[in-house]
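2 protein chains.
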Amino acid sequence: MASALRVLGIDPGLTRCGLGVIDVARDRSASLVHVGVVRSDPESPIEQRLATIAAGIRAVLVQHQPHVVAVERVFAQHNRSSVMGTAQASGIALLLAAEHGLPAATHTPSEIKAAVTGYGAADKLQVQTMVARVLRLDALPQPADAADALALALCHAWRRGPSPAVTGNGALTPAQRAWTDAERRARR
Amino acid sequence: MASALRVLGIDPGLTRCGLGVIDVARDRSASLVHVGVVRSDPESPIEQRLATIAAGIRAVLVQHQPHVVAVERVFAQHNRSSVMGTAQASGIALLLAAEHGLPAATHTPSEIKAAVTGYGAADKLQVQTMVARVLRLDALPQPADAADALALALCHAWRRGPSPAVTGNGALTPAQRAWTDAERRARR
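Each protein sequence line maps, in turn, to chains A and B. Residues in the first sequence are numbered consecutively from 1, following this note's numbering. Residues in the second sequence are numbered consecutively from 1, following this note's numbering.
By construction, these hints were calculated from the structure, which means they are not laboratory data. All residues carry an ideal CB built from backbone N, CA and C; glycine is no exception. Some hints could be false.
Covered, in the sense of this in silico footprint (three residues per stretch, anywhere, with C-beta under 8 Å from a C-beta of chain B), are these stretches of chain A [said to hold, decoys possible]: (1) 47–53; (2) 87–100; (3) 103–115.
A few chain A residues that don't get close to chain B, going by computed Cβ distances all over 12 Å [said to hold, decoys possible]: (4) Ala25; (5) Ser29; (6) Gly36; (7) Val37; (8) Arg39; (9) Val62; (10) Gln63; (11) Gln65; (12) Gly120; (13) Asp123; (14) Lys124; (15) Gln126; (16) Thr129; (17) Leu140.
Build the full structure now, drawing on both the sequences and the hints.
The following block contains the structure:
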């Protein structure tokens, strides 16, 4: 997949931070490169926990050399006690993208669900099932944070639309039509 | 001040991040080392903004070599639209402390007010006035983010209590009494 777009999706978290790397071809077919979770010890000081998360993200950036980083967007109104730690981890994910010279993007959970399943209120199992199907995995990606990171990476690649080379006057080019068809097939 | 504790206080923010460095002697007297604000352009992508904040914090860490980093604690219930950016910046501040091998601590706004003015519900002007008095500044520190960073650094140094060398059986040592007196004088 020489011309594929390699996306690192990061589902930020302090206790578990999901990391998923996929290659997405111009026809929008996707393949798994890496999936994993970085954990930090809840008993450790917060600065050490954030350093552990940063080290895990850096290792994936260095090993898999993505072209772009997509980070799940965190909302304050998610009134969980973990929301501040999640926001801190997301800041670190975005910082590391910038420090590796990579563009970054954030996507909301409903954008991710809509992009992957066609339905913004899809449940976790629907998302995981679609991720496994699109990436031709034998089992559902585990744990959920890892599956979320893969869904996010897929969302980013699929939402970004056609590359500049094929954008034009508003009508679909043959390449755009091929992508749209491939995406439709993938969502069946 | 060879034996002084050098504290970097960070008032995290994405648009303005306050940075204040002070030296606090064993008698709890304090002096200003550095105060400033790192700004990032609201028009820039979030990852570039966070990288700008990180670069500003790193520069102060390298130039002023603090012993400890204190970061203002961010709460989700502060229902401002900026709270997520503030949390992201605080995560970066804590990460950079860890990556420089420094301990970090967080303090709440009311802890800071109480430590500096003796009153947890003090207003901004009271805090700034006390910071200027304790540090023997000719004018109130400006902008507010810079004053907050200095107050935070003072809070951290004053709250940490006596050093292990003088802690003992619960009674105040002569050194502890001297500190307590000095702190009382500073709060007048």
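The hints, checked one at a time:
1. 47–53: holds (count 4)
2. 87–100: That given contact holds, which follows from 11 residues of the region 87–100 of chain A lying within Cβ reach (below 8 Å) of chain B.
3. 103–115: holds (count 3)
4. Ala25: With a cut-off of 12 Å, Ala25/A remains clear of chain B, as the shortest Cβ separation is near 26 Å.
5. Ser29: For Ser29/A, whose nearest Cβ neighbour in chain B is about 28 Å away, the distance exceeds 12 Å, so it holds.
6. Gly36: 20 Å, holds
7. Val37: Non-interface label stands for Val37/A: nearest chain B Cβ at 18 Å, farther than 12 Å.
8. Arg39: 16 Å, holds
9. Val62: 16 Å, holds
10. Gln63: 20 Å, holds
11. Gln65: 17 Å, holds
12. Gly120: At roughly 21 Å from the nearest Cβ of chain B, Gly120/A sits farther out than 12 Å, so the non-interface label holds.
13. Asp123: 25 Å, holds
14. Lys124: Given a closest Cβ separation of 23 Å, the condition holds.
15. Gln126: For Gln126/A, whose nearest Cβ neighbour in chain B is about 27 Å away, the distance exceeds 12 Å, so it holds.
16. Thr129: 30 Å, holds
17. Leu140: 30 Å, holds
Comparing the model with each earlier hint shows no violations; every hint is respected.
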